[in-house]
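**Q** The working numbering applies: residue 1 is where the first sequence begins, and numbers increase by one.
By construction, these hints were calculated from the structure, which means they are not laboratory data.
Mixed in with the good hints, there may be bad ones.
[Said to hold, decoys possible] Here are the simulated DSS-like cross-link-like pairs (lysine-lysine), alpha carbons at most 27 Å apart as the crow flies:
| id | residue 1 | residue 2 |
| --- | --- | --- |
| 1 | 166 | 88 |
| 2 | 245 | 166 |
| 3 | 263 | 192 |
| 4 | 222 | 243 |
| 5 | 211 | 196 |
| 6 | 215 | 20 |
| 7 | 192 | 222 |
| 8 | 215 | 243 |
| 9 | 211 | 263 |
| 10 | 88 | 132 |
| 11 | 215 | 192 |
| 12 | 215 | 230 |
| 13 | 215 | 263 |
| 14 | 230 | 192 |
| 15 | 132 | 203 |
| 16 | 245 | 222 |
| 17 | 196 | 230 |
In this text the structure is predicted, and so the values were computed from the model without any measurement.
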Amino acid sequence: MPELPEVETIRRSLSDWIRKSRRQVEGLKVFREELLKNSTIEELQDKFGGAFIDSLERRAKYLIFNFSNHHSIVLHLGMEGRLLLDNKRLENVQLIVYFGDNSELYLDDIRNYSRLYFVRSDEVGELNSISKLGIEPFTNDFTFENFSALLDSRQEIKRLLLDQSKIAGLGNIYASEVLFICGIHPERQANKLTMKEAQRLYKGIPELLGKAIEKRGTTIFKYRDIDGSKGEFQNYLEVYGRKGKNCGRCGGTIEEMEQGGRKTYLCPSCQSLRKD
DNA sequence: AGTATAACCTGTCTGC
DNA sequence: TGCAGACAGGTTATAC
């Protein structure tokens, strides 16, 4: 489910929430042990009892909780995982964290794809999942030089944009959307994009993600912010999920295709297979 | 090394 | 109405 804008929305909400009051872990309960990828329930309970949440970071689609005991929890919400501050919408609870001020944080995931890693804070970057991630929009590493270097690949551009080891944070929704916005056909070979097209993508990616963050993410199905509220960016999607509807730019018909087992949406007349 | 496919889960929707 | 099959925001192990 959550791509970069959704995870960033959750991170900001949780940051506000810990700013309101120091959140000290009183205990935690794990309901599905497979959630824990590199630790046991006992280790988690031992380590985090009494610890305060100091800060929250995000790397790509991973949320990183930094605790006062110099350890961190790295969480990926998979396809449909969500973090909620009340138990009104729970469907399949994976984890409950109990805090000293009587608040509770629930990890809910009907599809069991969420994953939790537990590491020393100074070793977060060494986690396999984190170390493999590519350049991240909104950071100093996201230069045009770095971006254009990773376009040096025969891969189709849509597949490349989904490859987290190249660019980290885009998922199936925003990959389709950004290619529409930039007028690039999803099957174009990455290393055959023109300089202008590469520049449009380089600007277009953070622009689109920034707008989606402003609208607090895209709720198509399960995604919710920590208070249960939906995002609004689904109202601004131009192609994703709009098969058969009209293109807002040219009036043509939005089409659906498949790339690497995932749906891609495009406007064939705005996104030509030929170069500019 | 780099890239493509299958597998992981479970609820929901579609079409026969 | 019932049921098989397809599909869903993602990642990763395995196979070329």
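**Q** Would you list, in rising numerical order, the hints stated earlier that this structure does not obey?
**A** 1, 2, 7, 10, 11, 14, 17
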